[in-house]
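Hey, can you work out the whole structure from these sequences and the hints?
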Amino acid sequence: MLVRDRLGEIFEDEEFAGWYPVDGRPSLSAAQLALVSVLQFTEDYSDRQAARAVAVRIDWKYALGLELEDTGFDYSVLCEFRARLAEQPERADRLLGMMLDRLHAAGLVRGRGRQRTDATHVLAAVRQVSRLELAGESVRAALEELTEAAPAWLAPLIEPEWARRYGRRVEIGRVPGGKQAIIARAEQIGRDGLKILQAVWADDAPPRLRGLPQVEILRQVWLHHYCTDEHGALRWREGSTLPPASLRFDSPYDVDAHWCVKRGTEWSGYRVHLTETCDDDLPHLVVHVATTIAPVQDGQLTEHIHDDLATSRLAPAEHVVDAAYLSPARIQRADQVHDIALLGPIAPDPSAQAKAGSGFDKSAFVIDWEHQVPSARAARPAAVGDRYGSKDTTTSRSASTPPPAGPARSVPRARHRPTGPAHWRCCPARCTRSRPETAPTRQIQHGRPATPSAPGANRPSLRMSGFAGYVAPATEGWPRPTFSTCSPPWPAMWPAWVTG
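So in the UniProt record's numbering the end of the sequence shown lands on 500, straight run, no missing numbers.
These are computed hints drawn from the structure, not numbers from a lab.
Bear in mind the structure is a predicted one, so any value in this text is a computation, not a measurement.
Incorrect hints may appear among the rest.
What the hints assert, rightly or not - For each label pair, taking beta carbons as the anchor points, the in silico distance ranges come out as:
| id | residue 1 | residue 2 | range |
| --- | --- | --- | --- |
| 1 | G8 | V56 | 19 to 27 Å |
| 2 | E80 | T42 | 17 to 25 Å |
| 3 | R52 | V337 | 45 to 53 Å |
| 4 | S351 | P176 | 42 to 50 Å |
| 5 | Y20 | H231 | 57 to 65 Å |
| 6 | A310 | P176 | 54 to 62 Å |
| 7 | T42 | R84 | 19 to 27 Å |
| 8 | D70 | S312 | 31 to 39 Å |
| 9 | A181 | V337 | 50 to 58 Å |
Stated by the list, open to error - Below are the SDA-like pairs computed for lysine to any residue, each with C-alpha atoms no more than 25 Å apart in a straight line:
| id | residue 1 | residue 2 |
| --- | --- | --- |
| 10 | K61 | Q88 |
| 11 | K179 | S240 |
| 12 | K179 | R169 |
| 13 | K179 | H231 |
| 14 | K179 | R127 |
| 15 | K195 | I158 |
| 16 | K179 | L234 |
| 17 | K362 | D322 |
| 18 | K262 | D279 |
| 19 | K61 | C79 |
| 20 | K179 | E238 |
| 21 | K61 | R127 |
| 22 | K195 | E148 |
| 23 | K61 | S27 |
| 24 | K61 | A92 |
| 25 | K262 | V286 |
| 26 | K195 | A233 |
| 27 | K61 | S76 |
| 28 | K195 | A163 |
| 29 | K61 | E43 |
| 30 | K61 | S37 |
Just so you know, even glycine gets a beta-carbon here, dropped at the ideal spot from N, CA and C.
Put into structure tokens, the structure is as follows:
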């Protein structure tokens, strides 16, 4: 009711002109369907329930500007509208931008206030399958597509056993015989898929078959889950030879669905980051939405969120986040680039000294900023302007000479420590300490900053994976590159289906 009174019509039909063809019969009002979709989400209604609410609920009719005698529409229209919305990713962002412009003009949302961001998981609408089932289902999906595209070409390729293996949906439960039986079953499926790929990329095969979506997905699944040994035989990947979860998808029917584990929660799908206003004198409204694949870490979105909010003139003065979005460099950039105070809990010191409660942990090094000298132990300052990795920070290096014998003597080992502005900002004066190491909780406390204390917390270190691999070229129909953990052979020796 408040939205209708303050904003009137949020959407106009002219803004959806590009979504529909210019000919054909007139359609329902796209502006009304967009608002119905919003109301449907707030009420958690199905399509049938939402269409029924349009026909019988007076508050919905008032919000939509309908007459009381209006009988509504068929529920299937909502599914068709969402399909048009999903045709181009920027359409949903454009709708949110339209709504925010009207809310900003009405004074219901403003910049330079207080906002908070958190992420949650989104489940993919796919069947959860094992790696073995993924391989088998990829072969079945490719065969189904090839049957429709080129049945005469495919017929000589079919083996008699394939009807039993791939005639129905692939469901593989417990495989008798243990691990070796599972590997044997996987490599049997691998040989079947390899036969299809080699035939599709043969010189006498129709070139259009290489661009079929399920054929390309089969190619990527084989790059992810299979490799060749020194004798050229196909082998099932295991353990460290597998690509990371950010590159492997979990279903041949949704290549954006990835597996992820976060604080004991496991899911296959995506991750959505929601930013909402939290001013005391205004309604709490979502001002930014970012959706990524599930394995993308929260901190990778911090700068993206700030840039988008600044572009839409809704950048906050205070931005409350949890520890995953924070780092000294991100705190510094938010302050210097957008004048945003990034607030949140800082992760505890992961060093062995801090966990054991003995020795020199990071909090023991109190830095004299004027003289660039740490006061905890003998150290010689680094020259001003030294770099710590790729960050614009100075460093101090502990003296490698062993200290005199005494109760505080420790192993003499060189130690680098950042002492620049990014490290300066990673202190409890701007952020609160993280929760204690107890049972995990899903509730995040967005509190005020803690009492200021001396700088002492280091930025989290970036750990490089020992995973070795190479990126295979992308094809014209599949622009994203594919990844393989095989030792990269000489390009002239790559099979045609590997290079695409």
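Q: Assess, step by step, whether the Cα of K179 is no farther than 25 Å from the Cα of H231, and give holds or violated.
A: holds (22 Å)
Q) Is the straight-line distance between the alpha-carbon of K195 and that of I158 25 Å or less? A) Holds, at about 10 Å.
(Q) I want to verify a distance hint. Is the separation of the beta carbons of R52 and V337 within 45 to 53 Å? (A) holds (49 Å)
Q) Taking 25 Å as the top limit, are the C-alpha atoms of K195 and E148 close enough? A) holds (19 Å)
Q. Does the Cβ pair A310, P176 satisfy 54 to 62 Å?
A. holds (60 Å)
Q) Can the restraint linking K179 and R127 be considered satisfied, given a maximum Cα separation of 25 Å? A) Given that 25 Å is the threshold and the Cα spacing comes to 23 Å, the pair holds.
Q: Could you check the hint for me, namely that G8 and V56 are 19 to 27 Å apart, CB to CB?
A: holds (24 Å)
Q. Given the proposed pairing of K61 with S27, does the C-alpha separation stay at or below 25 Å?
A. Answer holds: K61 to S27 is near 19 Å, not above 25 Å.
Q | Range hint compliance [Cβ, D70 to S312, 31 to 39 Å] | A | holds (34 Å)
Q | Assessment of proposed distance window 57 to 65 Å (beta carbons of Y20, H231) | A | With Cβ atoms ~58 Å apart, the hint holds.
Q: Please test the hint of 19 to 27 Å on the beta carbon pair from T42 and R84.
A: holds (21 Å)
Q) Is the straight-line distance between the alpha-carbon of K61 and that of S76 25 Å or less? A) holds (19 Å)
Hint compliance for this structure: hints 10, 18 and 21 are not met, and every other hint is.
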